[in-house]
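Chains as they are written, first to last, in our numbering: chain U, -19 to 130; chain Y, 6 to 101.
Quick caveat, the hints were computed from the structure, so don't treat them as lab data.
A virtual CB, placed ideally from N, CA and C, is assigned to each residue, including glycine.
One or more of the hints may lead you astray.
As the list claims (entries may be wrong) - Just so you have them, the derived chain U footprint on chain Y, three or more residues with Cβ under 8 Å:
1) 9 to 23
2) 39 to 52
3) 90 to 100
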Amino acid sequence: MAITQAMTTSFKVELLQGVHNFFSGSGGGSAGTGATFKIALYTSSATINATTTAFTTTNEASGTAYTSGGNTLTNVTPTNPSGTTAITDFGDTTWSTSTITARGAMIYNSTQSNKSVAILDFGSDKSSSAGDFTIQFPTPDASNAIIRIA
Amino acid sequence: MFTEEMGANISSVKVVTTNNTGLGVDHWADRATDHIISVSADAPPAIREQAEAFKENVRSVMTYYMKQAILSERTTICGTLSSQGHNDIAEIIRRI
Chain U
-19 MAITQAMTTS FKVELLQGVH NFFSGSGGGS AGTGATFKIA LYTSSATINA TTTAFTTTNE
41 ASGTAYTSGG NTLTNVTPTN PSGTTAITDF GDTTWSTSTI TARGAMIYNS TQSNKSVAIL
101 DFGSDKSSSA GDFTIQFPTP DASNAIIRIA
Chain Y
6 MFTEEMGANI SSVKVVTTNN TGLGVDHWAD RATDHIISVS ADAPPAIREQ AEAFKENVRS
66 VMTYYMKQAI LSERTTICGT LSSQGHNDIA EIIRRI
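Use the sequences and the hints to build the structure in full.
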């Protein structure tokens, strides 16, 4: 049982198949309408890693103010901030007034049959108690953005 | 023959949690400012200084207006509670 941080292998294949569209909202011209991405939390009992292909409720976190499936993310239209690297980003997300303990998370595409995108390992259990549980995404630049293709 | 190596990478997130309280205005103002302006470590010193000064200005403006928004929201909540007869709870919220 372990959570191993990774961009899932199925996601890499599906990127080349054109399955995932990170465009923010609709009206993207040839980019079309972006998908809805969500983030679900998992306990330390979960086994999720690069081989995980889709969202699962097995060992998903639970607690006050947490609903199975997690939060919907606000995606930022992919850009090329500098050099030859393309990135995409998400806005921070918060479970307010929550009591939750989680060790990791899964970003997945709820528009495309809940196909997995990435597994995040928090490094240790993180807990909120009648407070905020916030996931803070890294600076959206070519070196640090959450998802980068260089 | 032309070949190019590509790499798809993922970064780590930071998790921030609180107990019996929410995150403060300063936290959210910092986050908003960091998303609006990022200053390259490689930028020439003069440009970097100017950008950092501008970033501080943006942070101050964000902080001020976020506080105003919170006060407005609190007024709305207090008004709703008072109009439904919960004056004691409204007063507790007003004093936060």
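Evaluated hints:
1. Beta-carbon proximity to chain U at under 8 Å applies to 13 residues in the segment 9 to 23 of chain Y; the threshold of 3 is reached and the given coverage holds.
2. Coverage of the segment 39 to 52 of chain Y by chain U holds [criterion: at least 3 residues with CB-CB distance below 8 Å; count 4].
3. Restraint check on the segment 90 to 100 of chain Y versus chain U: 0 residues with Cβ-Cβ distances below 8 Å, three needed, restraint violated.
Hint compliance for this structure: hint 3 is the single one not met.
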